[in-house]
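The chain contents come next:
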Amino acid sequence: MKGDRKLRLVPGEGQPEATAWPDDEAPITEAERLEAERTREALERGDEPVSSSLRAAHHPPRLPEDDHEALLARALGDPLAKPTRAEEAPAAELRDALDRPRPARDAVEGHELVELARTLQAAWKPAVLPPLHNEALIAKALARGKRRRTGEIAGVVAGVLALAAVIALSLGRGPDRPVGVAQASLIQARSTMDLFDVSQPFPRQGGESSRIDRIASARSADLRANRYTSWGVR
Amino acid sequence: MRRGTLALLLALAAAGCGQVHGCAQANPGDSQPAGLCPCEPGSAPVVDPKLMAFLSKARSAHHEADLAEQADDRARAIDVLQRLIEGPRPPPPSAPEVIEVLADTYARIADLRSALGEFDRAGRDLDEGLKLAVTPTHFRGHLFEVRGLVLERTAKALAEKGDAPGAEKAKQAAIQAFQQAIEIQDEVITRALGDGGM
Chain A
1 MKGDRKLRLV PGEGQPEATA WPDDEAPITE AERLEAERTR EALERGDEPV SSSLRAAHHP
61 PRLPEDDHEA LLARALGDPL AKPTRAEEAP AAELRDALDR PRPARDAVEG HELVELARTL
121 QAAWKPAVLP PLHNEALIAK ALARGKRRRT GEIAGVVAGV LALAAVIALS LGRGPDRPVG
181 VAQASLIQAR STMDLFDVSQ PFPRQGGESS RIDRIASARS ADLRANRYTS WGVR
Chain B
235 MRRGTLALLL ALAAAGCGQV HGCAQANPGD SQPAGLCPCE PGSAPVVDPK LMAFLSKARS
295 AHHEADLAEQ ADDRARAIDV LQRLIEGPRP PPPSAPEVIE VLADTYARIA DLRSALGEFD
355 RAGRDLDEGL KLAVTPTHFR GHLFEVRGLV LERTAKALAE KGDAPGAEKA KQAAIQAFQQ
415 AIEIQDEVIT RALGDGGM
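Chains A and B, in that order, are what the protein sequence lines are.
Residue 36 in my numbering sits at position 36 of the first sequence, and the numbers go up by one each step.
For my numbering, add 234 to where a residue sits in the second sequence, where the first one is 1.
So here's chain A without its partners, still in its complex pose (with noise of 0.2 Å):
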């Protein structure tokens, strides 16, 4: 079937390749083989996701110490956290897209932010359209109906309000910010009497340090499971 993956069993080392194509088989499609391709090249740049996934939970790699200290700052509220390299990669790439000259640019496939800054920088500052194209624009679009022309002003007016709505929200609110999450469904601040043995008193002196890594190592976890259901993770 067109778009499916077709498996076939190589033989080992030192066996003869098996060149013949079994007879039940369909030939392979041009199609099959551009995708067949573009899978090996994938793989052999490491990016392919399924090869990547399985890699990486037979074998994780170690995170590296700046990486881990920018998760666990994010975590914890900085929003200065440095970015971690699996961002600064699609960043510097988007930024190198950015900076090609527009033929070059456009040239670039597959990149799904290229295409939104493309977008953004049409809607923005719009290239020049040529006063003959224009005109044909606007003779085309009067010599419609005066209904058709009213049901689309309306749709273009109704999804100009959404993306602006959409964009509102997205801008209203920060990454740690989802709506929506209930006050109830978070960890309220409260007495620290409950970490501590309620029939025995504090010494008459010393034990504050102990007392004050207590609170602060139950609180921190507190944080942390608020942390994650404002996120949404259970």
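Check before you lean on any hint, since a few could be wrong.
In silico contact screen, one side only, chain A against chain B (beta carbon under 8 Å); selected entries [said to hold, decoys possible]:
| id | residue |
| --- | --- |
| 1 | Val-198 |
| 2 | Arg-219 |
| 3 | Asp-222 |
| 4 | Asn-226 |
Rather than coming from a laboratory, the hints here were simulated on the basis of the structure.
From the three backbone atoms N, C-alpha and C, an ideal C-beta is built for every residue, glycine too.
Following the hints, position chain B against chain A.
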């Protein structure tokens, strides 16, 4: 454009705008924790990064004070803890954790001051701590216990100066403070054990 699609877009626009507008109006101070929609009314403090930042700072201050005490530098220990007391705190409403940690810190400062002979200032620190720890907890009981300790030291100092009446008065006040501490601790234990403690 189909009517259904148009209606869906309009509904999305209305819902999105309404949500943004409503949340933006409520609680502009944004003292709520991450993940809490600020338009929810009646919000109580939750465990958030601001509380955690305060607790981390308190933890560091007390450990630094430990090191200063080990070096027999009580003045430095007091200075470190005083900075915690006077420093920034999470915005109101105050979390119980903040109140209890500050009360415990006041008690430690009072202990340190009284060891240096600063009995009056130690008493004022304890007053401040008791203003915070108003509910019967071991933190409040500990403040009274330290008050008894401070008064005990006061009595000893006065006796060494030859002020026998003053020493006796301080001694009686110390006994009273220890009794108050015991009463609070008993109340905490009884309440925690419930009927089983009777």
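Which numbered hints turn out to be false for this structure?
The structure conflicts with no hint, since it agrees with every one listed earlier.
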